[in-house]
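There are 6 protein chains.
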Amino acid sequence: MKIEYPGIVPEEQMPRFSGRPSFMKLPWWGKDMDVSVAVIGVPFDGGTTFQSGARMGPWAIRQASWGLYPYSRVHRISLADARLADAGDLRVVPMSVPDTLMLVEHQLGAFPGGTRFLALGGDHSVTLGLLRDVVRRRGPVGLIHFDAHSDLWDELWGQRYNHATVFRRAWEEGLILPDRTIQVGIRGSLDHPDEDGEADRLGILQVSTDTWLSQGTRTTIHQIRNRVGRGPVYLSVDLDVVDPAYAPGTGTPEAGGPSSHMLLSVLRGLAGLSFVGADVVELAPPLDPTIASGLVAATVAQEALFLLTLAP
Amino acid sequence: MKIEYPGIVPEEQMPRFSGRPSFMKLPWWGKDMDVSVAVIGVPFDGGTTFQSGARMGPWAIRQASWGLYPYSRVHRISLADARLADAGDLRVVPMSVPDTLMLVEHQLGAFPGGTRFLALGGDHSVTLGLLRDVVRRRGPVGLIHFDAHSDLWDELWGQRYNHATVFRRAWEEGLILPDRTIQVGIRGSLDHPDEDGEADRLGILQVSTDTWLSQGTRTTIHQIRNRVGRGPVYLSVDLDVVDPAYAPGTGTPEAGGPSSHMLLSVLRGLAGLSFVGADVVELAPPLDPTIASGLVAATVAQEALFLLTLAP
Amino acid sequence: MKIEYPGIVPEEQMPRFSGRPSFMKLPWWGKDMDVSVAVIGVPFDGGTTFQSGARMGPWAIRQASWGLYPYSRVHRISLADARLADAGDLRVVPMSVPDTLMLVEHQLGAFPGGTRFLALGGDHSVTLGLLRDVVRRRGPVGLIHFDAHSDLWDELWGQRYNHATVFRRAWEEGLILPDRTIQVGIRGSLDHPDEDGEADRLGILQVSTDTWLSQGTRTTIHQIRNRVGRGPVYLSVDLDVVDPAYAPGTGTPEAGGPSSHMLLSVLRGLAGLSFVGADVVELAPPLDPTIASGLVAATVAQEALFLLTLAP
Amino acid sequence: MKIEYPGIVPEEQMPRFSGRPSFMKLPWWGKDMDVSVAVIGVPFDGGTTFQSGARMGPWAIRQASWGLYPYSRVHRISLADARLADAGDLRVVPMSVPDTLMLVEHQLGAFPGGTRFLALGGDHSVTLGLLRDVVRRRGPVGLIHFDAHSDLWDELWGQRYNHATVFRRAWEEGLILPDRTIQVGIRGSLDHPDEDGEADRLGILQVSTDTWLSQGTRTTIHQIRNRVGRGPVYLSVDLDVVDPAYAPGTGTPEAGGPSSHMLLSVLRGLAGLSFVGADVVELAPPLDPTIASGLVAATVAQEALFLLTLAP
Amino acid sequence: MKIEYPGIVPEEQMPRFSGRPSFMKLPWWGKDMDVSVAVIGVPFDGGTTFQSGARMGPWAIRQASWGLYPYSRVHRISLADARLADAGDLRVVPMSVPDTLMLVEHQLGAFPGGTRFLALGGDHSVTLGLLRDVVRRRGPVGLIHFDAHSDLWDELWGQRYNHATVFRRAWEEGLILPDRTIQVGIRGSLDHPDEDGEADRLGILQVSTDTWLSQGTRTTIHQIRNRVGRGPVYLSVDLDVVDPAYAPGTGTPEAGGPSSHMLLSVLRGLAGLSFVGADVVELAPPLDPTIASGLVAATVAQEALFLLTLAP
Amino acid sequence: MKIEYPGIVPEEQMPRFSGRPSFMKLPWWGKDMDVSVAVIGVPFDGGTTFQSGARMGPWAIRQASWGLYPYSRVHRISLADARLADAGDLRVVPMSVPDTLMLVEHQLGAFPGGTRFLALGGDHSVTLGLLRDVVRRRGPVGLIHFDAHSDLWDELWGQRYNHATVFRRAWEEGLILPDRTIQVGIRGSLDHPDEDGEADRLGILQVSTDTWLSQGTRTTIHQIRNRVGRGPVYLSVDLDVVDPAYAPGTGTPEAGGPSSHMLLSVLRGLAGLSFVGADVVELAPPLDPTIASGLVAATVAQEALFLLTLAP
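Residue numbers (the numbering used here), protein chains in the order written: chain D, 1 to 312; chain G, 1001 to 1312; chain W, 2001 to 2312; chain R, 3001 to 3312; chain C, 4001 to 4312; chain V, 5001 to 5312.
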């Protein structure tokens, strides 16, 4: 007999600001549950290179998600009809990126083979652990990466594993297929001119914020869909892709970004792609005293659930 | 002899951050004044279903309005030439929606018949009391409703009177004319698929945020003007219609909304319609430590004063 | 088979800022569990007469409690050895005090007879529902009430059920035994001189903040213990009893109060009394951007768990 | 006929968080009113030498005062029985201390001779203008000055009129009687050793925070009463006298101060002295996102009203 | 021998959140350095007419700039190749606009003739002192002025020198050439209808926010470039030109503004103009608890450095 | 020729909120300077086990220190007469405690042998690196440790180097002399009963917060002085030793602590002990939107400078 939630009355009767504190008030995951997508928190900020705080991200995203509902006007489906669950947080070692990456991969191995994940970060370094699990299950994947930064540095202060090097490592490990990889929203100044052409050299396509905002939603959607094609694809959204007006609560904010509406509009145009996993990372709750940053993260995460559910 | 304001020197000589704390530093209303539009606060949040705090809204809107001036570059008129006054707050009963609605309607009855109101909320449930007074004076009205949510639920937790049901009640009571009613800015996820077509079934026209942002300001203005026509019309603006980046200080924020410039631009295109009343609701001051949310509410309220003043 | 928590690894291995979000990371309660004390949230602020926000209290207290540990240096016992669980939130009706009181009492009836509760508020009006359940199970009780306000008003704005009348109602309903009741920390200005002697007229003993601070911890402990004696006693702590420096996040703060150390010291001196229930109320999270107010509430709640566990 | 307040229903029926926004909800002052004490705001921060923001002080103190009531348990009198009014704000010139001082003095001259004032600052430089008016009416006065700083500098950056020189100027102008002047709560580091003995050289008695906290409330009260005697005395409270934990919202906070309870306790011991005026200054609202700093200022101001009312 | 920075290891090895706290981590300026552009802070808010706080601006902009890098993807140059330095703050007299203007001009005179400045405000009144120095060195200049307000008032409260009159004074003193002057982003309500045509009467071109947003980035860039031509031009950016969602931390915010992306895009289109000086003013750090406002100011200042570096 | 500060005018003429941003506006350290005490920042939070953010501590302490002056009324000396300098920040590796400890020790080695340090943290793990340098120079030391927590854990999540194990490591490495070590302010709940006697078993004396507050300042000073005697002693102050009301901006706050006045009073009683180094750690600036926490840290650091200067 299961005891999913410590509630006297059914969750449905509770005001949304109370009751089960899971993401979107999904049922808790249990070891014998058959779920199509599991939401997991990865409360880690040991790979952060500027402002810390992302370790508090998962619960803040969950709390901000309580006011979100299961039915999408755009996709015309309800998450209530999917087999979803919130599996709580993964164990991390706050002071070690490599140990945490191993732990992340190891813990995900405890889920049945067909389970897909929506991970709530945590800083971007955790994506490497997530990708390793995805690729172990399904082979190398395409990547749709929304971010103000390309995260393609080779190392920083002699450290090869951190949130600025994650996709360089993923590329080196063969986890992502460069010709099916696209980075959207890149902007901001660079340390060296060389960085400007780096994605190109790695065979990765970049769409800058300027390009995105000038070409518009529709063209950007087509560009992404063309790039990733029909194969398995992973979605990684760094919250700092949106302008700091929309999400000041992130460790490396970059002025001059798109609105959350622009991001959500593009995401909604990606339905039908073969998403095999997704993450929403870099919410640092102490850096925003309002709910706004968390709400963007939660709404993006909700959209990711729709995309995962709609994937063939 | 009147003592409008406790000031040693005329209000005009005071720095705007000091002196009379009324909305836009309007004169206080007095029982023998003949005003065309009275500004009133309705400090109530007993109808709130998610985050509370809107009871503190009226004074926060007033404070945020101190830096606003009477002359509009767009409309080329000055509110200094209209007969306007701030009539303070209405009495409410914080723990009862029905009692508050009765009180609101009753107190408004104390004003001369021709007075029109700009109400500063308070949560959206108070609009029902305001509409009852408007309709008592002038008969059923058209409605221009800016909001992220349609507020057309039938009940919640067995409660028929709250901020999520206000326009369902107004429709049932015959206060609004569905074929002259338009809801603009609706977005966000739904609890049940049925909600999606509900406005349609009630004969109410909805313009989603997506439609608004893709069709642009001019088309949206035409759409609204066509819908409401020449008859008397009420304006109700829920602050959550704008994106949480612009107004995080609201109880049920919804990511992915328009900017305040888009909202103000549409409002400015509505001059000349027969506005008989207006409200700006759902500012919850404790939820935004900056002046930003209050300033949007105050600027929208200022625009509503222009619209009321310009109404034939 | 139980699924207490959605965790891949045992809760004990998780960093304290992650994992199970229950109060002090207690196990979730389940219907077949035999617990000595159940922690319950009562997320309600419909009885608030000044600043709202306490409906968000329960989860904020839980989150602030994650850094608290089970062993007390003072009492030399560990809560790990007691049968404790977090039973989640009770259902409330945000816009009705009477309905919520009935619901509170009704839901508590679902627990086995011997279960005692530590309730996390919510505004103080919920204490009436809690007391009704306690008294139904065990008969009238003594009361130790820490608060800046006596909450003995008869009504406010015609409303008899709210957070300012809760102990008047409890007295009228015979739930508390006046000669075993003591109110500690009362301070602040009054609306009418009559209020000053009201507790006296009802046979209730009051210890003002001034008296408390001048007579000190030890005397105050003796005074309380003498007053309540050996019979069953209920503990109700309104967070506003401490100075707003320690807990600004409360709806009706009152300057000039004791420190949290003074409050905790007195509480720690009450071990061995026959506590049959307890609540910690009036944390309004939106009113304090730091963790401080929540941490006081959580630490007081932890102390209440020690007192309930140590009760004969 | 007077129109004191723009209210449809009597102020007494309004919830305290709504209605007339005056200090403690006092009636507004009008030119024909006979008041014993007038509350006035002086919204000026042009004399600030560290962090600015005090110009927003008066309305923030008023707002924080709404939850305060007229009857004092300590003094056993009600302000409802005194003739008090809120006269709004004085006009200031934000960019000129000398002009503002002249304006302050000039505007106070508009009140009948017997009117006494409780001024809400504003930075401490405004006290010089207030004292000039007091002394013009009643001759030189004794001074009870609570502050972390002695404000006895001769000049700063070549500027002789600012909040760090105010009592040097008052001394030079003969406004205060040194042998009836006492400064309480002085603490913090100094720029030059010479400053340490400066009060002494001017014949002014200083009680440091250390002395105050070690000798206790009772002795401090005696010390003050002995110093100022029976003659007319002015009370000036700089909010930074209390510890920044109690009032972080002030321009020159100084760690290691007394609690607000200690300050209020001493103030309550001063009843019966011949107070002829008072001010509470240096609340800088933008520097504290909570109500706490404003509440200390408001409660001190309330106590000042009791003292002014109880003065022979 | 120079001691530019108190660092044990070279600045380049330090994490960006640590080390030298200069703007963008530029070297500190020293008296014998030959720099093309010097960054200077002007920590003054004595000319502010609404909310104060801008005196804390310079260090807040510096701190927000630490995450910015020297290479621009747009301009394809690196500031590392220019001779730039941070010369710290200018001395100001917080309580006097005229004295501060004289000091600003005087101190700038200490730099070699060819030095150009990027000034970090401070309120807008300091621009007058900066312009006087620029004009003394190079003669009257064209002006590109981004602001929500025209700052063309003649006086306020009898004060001729403040942040609302700065460009009226500059015009009167012949510092700016009206036919090469353009104000961009003007919006908001006015006190008197006359203000509307004032720029016109002075021969200054204004582009309102409405015009800007409807005509788009490219047209606006052309309009500016055509207006100012090839002669020497000064850039002055008031942070309040962007919407308060992007920068609530400013003294006179005005709703309905452009995004920071729109502002940055226009600025990036101005490369090649003959910029002889620039300022970014009106950041008031206490009014925004997040980094967002400071980050917009810092990114605009970084762009100004590119423009100054690229000027012929 | 030295260029200590990028200032046009001497630092002494600058308002304290401007100019050189060093700790207490001390001169910057340069390689050829002979200083008695160097202030250094250690911007590291990779050893944090609960809330992160302490990496931003050093500059926040510096900024909060600008209003502090060099002369102490208590000690009657001026820091202006000592040879002090701010040496900026040490290089750290944000994602590795062991690497950072080595770097800390290594960099300190670059200073002349007689230099003593006041370190501004950073989390408490950095103290181990600091102690290693101290002991290398002078041999094992006594320790005065103010903290809510004993930091004597052996490991956490398999990690032996973090802020909870720092004094266990120091003890093991023989850096501190147990019989000359005292921990003051310890409080809060424990994970296991065994922890309670751990200090005892290691030969370290603990004074709990309860003992401290009940025995008072004078006794506590004597207790500390007796314990550490005349030999070299290191001072380590974890900001969380004070109550969260005084310093909410810290990663592991613990309710029920002493005031900042109590802490400062004890520190002031330690003059004359042979201090050879000191640190003030665990300020996490993002967790307190006010200056209060930083000001406590800065004032404690200032007091540490007095103690280091007064050491024989």
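Hints were generated in silico from the structure; no laboratory data involved.
Being a predicted model, the structure only gives us computed values, none of them experimental.
Glycine included, every Cβ here is placed at the ideal spot set by N, Cα and C.
Mixed in with the good hints there might be a few duds.
Restricting the straight-line Cα-Cα distance to at most 30 Å, the calculated cross-link-like pairs of lysine-lysine (BS3-like) are [to be verified]:
id : chain 1 : residue 1 : chain 2 : residue 2
1  : V       : K5031     : C       : K4031
2  : R       : K3031     : G       : K1031
3  : W       : K2031     : D       : K31
Derived contacts from chain G toward chain R, CB cut-off under 8 Å, selection only [unchecked claim]:
id : residue
4  : I1008
5  : P1015
6  : R1055
7  : A1087
8  : D1089
9  : P1112
10 : G1113
11 : G1114
12 : Y1161
13 : L1190
14 : P1193
15 : S1214
16 : Q1215
17 : G1216
Okay, the calculated bits of chain V under chain D, using three or more residues with CB under 8 Å as the criterion [what the hints assert, rightly or not]:
id : region
18 : 5039-5047
19 : 5079-5088
20 : 5154-5161
21 : 5195-5201
Here's how the hints hold up against the structure:
no.	hint	verdict
1	V:K5031 <-> C:K4031	holds, 19 Å
2	R:K3031 <-> G:K1031	holds, 19 Å
3	W:K2031 <-> D:K31	holds, 19 Å
4	I1008	holds, 4 Å
5	P1015	holds, 6 Å
6	R1055	holds, 6 Å
7	A1087	holds, 5 Å
8	D1089	holds, 4 Å
9	P1112	violated, 13 Å
10	G1113	violated, 15 Å
11	G1114	violated, 17 Å
12	Y1161	violated, 19 Å
13	L1190	violated, 33 Å
14	P1193	violated, 40 Å
15	S1214	violated, 38 Å
16	Q1215	violated, 39 Å
17	G1216	violated, 38 Å
18	5039-5047	holds (count 3)
19	5079-5088	violated (count 0)
20	5154-5161	holds (count 4)
21	5195-5201	violated (count 0)
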